[in-house]
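Work the whole structure out from these sequences, hints included.
Take a look at the letters that make up each chain.
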Amino acid sequence: MSPRVVVLDYGSGNVRSAVRALERVGAQVALTADADAVAAADGLVVPGVGAFAAVMEQLRSVRGDMMIERRLAGGRPVLGICVGMQVMFTSGDEHGVSTAGLDQWPGEVTRLEADVVPHMGWSTVSAPEGTVLFDGVDDERFYFVHSYGVQTDPAAALTSDSPLEPPLVTWAEHGRPFVAAVENGALTATQFHPEKSGDAGAQLLRNWVTALDR
Amino acid sequence: MSVSVRVIPCLDVADGRVVKGVNFQGLRDAGDPVELARTYDREGADEVTFLDVSASAEARATTMEVVARTAEEIFVPLTVGGGVRSVADVDRLLKAGADKVGVNTAAIARPELISEIAERFGSQVLVLSVDARRCTGDTRTESGYEVTTHGGRRGTGIDAVEWAVRGADLGAGEILLNSMDADGTTAGFDLQMLDDVRSQVRIPLIASGGAGTAEHFTEAAQHGADAVLAASVFHFRTLTVAQVKEHMRLAGIPVR
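Protein chains in written order, with full-length UniProt numbering: chain A, 1 to 214; chain B, 1 to 256.
Bear in mind the hints are in silico, worked out from the structure with no lab data behind them.
Given the structure is predicted, the values throughout are model-derived calculations rather than measurements.
Just so you know, even glycine gets a beta-carbon here, dropped at the ideal spot from N, CA and C.
Take the hints with a grain of salt, since some may be wrong.
Said to hold, decoys possible - Partial chain A-side listing against chain B, Cβ under 7 Å, derived:
(1) Arg-20
(2) Arg-141
(3) Gly-198
Listed below in structure tokens is the structure:
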């Protein structure tokens, strides 16, 4: 049976293509913010475009923060995309105003420093040893569109005697290196848009969806 | 590691159909924007742009339906411009499935529209489309370029470079710089204008107008374009997206 995926519907921009891209790789997809549906799904996708603070507010308004928390506590897969990844970090800084994120990973989302911002277009990534997400697509380009990113290593904050598995971090570069994706147990996230990244993005989503089917 | 230069085919759409002609083999219906967008996606386009040139509200409503169907079919970003006058227009297009929205004339009349859209949806959805030409007759601007409306037929006296800078300051995420002098000539992009705008703005810049050969695309990239957009050379099969990219690749420009 094909894995059931919920794309969290909390008023975030264009989510049709995420739904369609997931269907394309064999998932059975629902777009909803219904708590029972979210809890029952094999995988939850958290999309997100726009400002960090606005996304957090919208997420909270449908109690998405709690749904994500609950799923992760039970080891149930969640995939954050773009600002849906950024909100998994400690906080986001926009124009000097800091907004609390979901704090699943240590790190602050800050403005990119490059000649041209937003970083808009297709960039290569450098995936770590052991990646499941980038299996077969680690030499491809993915579609990014963002002005902010995590520019510190979320794995570095864990002490060596921590019981937690260190996150697998994939990096990209725009002016400076930034976090392009994180794989960490049940929680996976990408700064780029796999649903807009052609065949490479489809393969990445297929990798995620296939792993749900265990 | 750097971001690749995007190659973007642009389709003029009116009343749900592609206008201005498309002539390539292997399509069931060369007038269907969805089928064309899908073909370009398959051929490696990094993005697809629809320019809605519909004359009536009714025809625009049809465009929404086309945007929705296209968004179901392609897995690269879709930009839609033409006739966008308000935040509500942008909302409708994004809901229909557009990833980015082009704004042109309405922003000239009311520049605050740019910040209104950026605040509501984020800069990344907003492409400010600037139709510019070299000043002629009595018109003078500092850069020597002025913004036009009505497809280049009407001058505004507004300095095109200053307008691009202001648009970026107001929150545009990208500038689509269309040379009305070069448009349709196939003699190459207006590189001087590209240089002038590039030196002043730090948001992505899309070069448009004048593409005739693969070399023209490479030149535009070498002059700082983050993306290159063309219509007829692709529609009439003078060039394929792949040929353009190959030329750029050989010239050392990063492409997907």
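These are the hints, each one checked on the structure:
1. Arg-20: holds, 5 Å
2. Arg-141: Because about 5 Å separates Arg-141(A) from the closest Cβ in chain B, which is inside the 7 Å limit, the hint holds.
3. Gly-198: holds, 5 Å
In this structure, none of the earlier numbered hints is contradicted; all agree with it.
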